Amino acid sequence: MKIHMTAVLLTCMIGLTGCMTHKNAVKLRQLDRAVAVMHPTAGNSVRGIVKFIQDGARITVIADIEGLSPNAKHAFHIHQWGDCSSPDGKSAGSHYNPEGHEHGNPAASSPRHAGDLGNLEADAAGKAHYERTVYNLTIADSHNPIIGRALIIHKKHDDFGQPTGNAGSRMACGTIGVAK
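20 is the number that my numbering gives to position 35 of the sequence shown; each next residue is one higher, with no gaps.
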């Protein structure tokens, strides 16, 4: 009897979890904004805010970053995992590339990693403002969703070479989350 009751309770819990997951999935598909708060990796001082605004099939990425090397370009990529727990940012994994494309320039029309965002360009004070519209991502829809992934700012510029742009170490990491 005890085993039977446990089986019944477990079945009910699994059924309810499935319903809750479905409701949450519907709500996630309706999201049109996301944000990543960028935190420095060990030995760096890069920080800032990156906003993502979805309008139909496009996402506008808006970043305001400080603590960069003055008058320099820094590679800017979405990475596979939303884990920024390691001191060097490597816990975020490799570039977000669900479609298996080669690394590339977001200004070019050729297919590329979904996470390739190009370069931030710092001014003399080490600050950068970035704004770009991309068409190969979504906030939380089924096509290349970014919620829960990490955003990385690299030490060097992205030269768009293979396999990952020769961008160097990771200076900042932020997990992409839901925004109002």
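Read the hints as simulated data drawn from the structure, not as lab findings.
Bear in mind the structure is a predicted one, so any value in this text is a computation, not a measurement.
Using N, Cα and C, we set each Cβ at its ideal position, and we do this for glycine too.
There may be inaccurate statements among the hints.
[Claimed, not checked] Once the Cα atoms are required to be at most 30 Å apart in a straight line, the calculated DSSO-like pairs of lysine-lysine come out as: (1) K36 / K112; (2) K36 / K165; (3) K112 / K75; (4) K141 / K112; (5) K36 / K141; (6) K36 / K58; (7) K58 / K140.
[What the hints assert, rightly or not] Here are the computed distance ranges between Cβ atoms for each label pair: (8) Q15 / S54: 20 to 26 Å; (9) D40 / Q65: 21 to 27 Å; (10) G28 / G85: 19 to 25 Å; (11) K112 / Q15: 20 to 26 Å; (12) S71 / I34: 19 to 25 Å; (13) I47 / H24: 17 to 23 Å; (14) D144 / A42: 18 to 24 Å.
Going down the list of hints, with the structure as the test:
no. : hint                   : result
1   : K36 / K112             : holds, 16 Å
2   : K36 / K165             : holds, 11 Å
3   : K112 / K75             : holds, 24 Å
4   : K141 / K112            : holds, 15 Å
5   : K36 / K141             : holds, 22 Å
6   : K36 / K58              : holds, 20 Å
7   : K58 / K140             : holds, 8 Å
8   : Q15 / S54: 20 to 26 Å  : violated, 39 Å
9   : D40 / Q65: 21 to 27 Å  : holds, 25 Å
10  : G28 / G85: 19 to 25 Å  : violated, 33 Å
11  : K112 / Q15: 20 to 26 Å : violated, 34 Å
12  : S71 / I34: 19 to 25 Å  : holds, 22 Å
13  : I47 / H24: 17 to 23 Å  : holds, 18 Å
14  : D144 / A42: 18 to 24 Å : violated, 29 Å
Going down the numbered hints, you'll see the structure goes against 8, 10, 11, 14, while the others check out.
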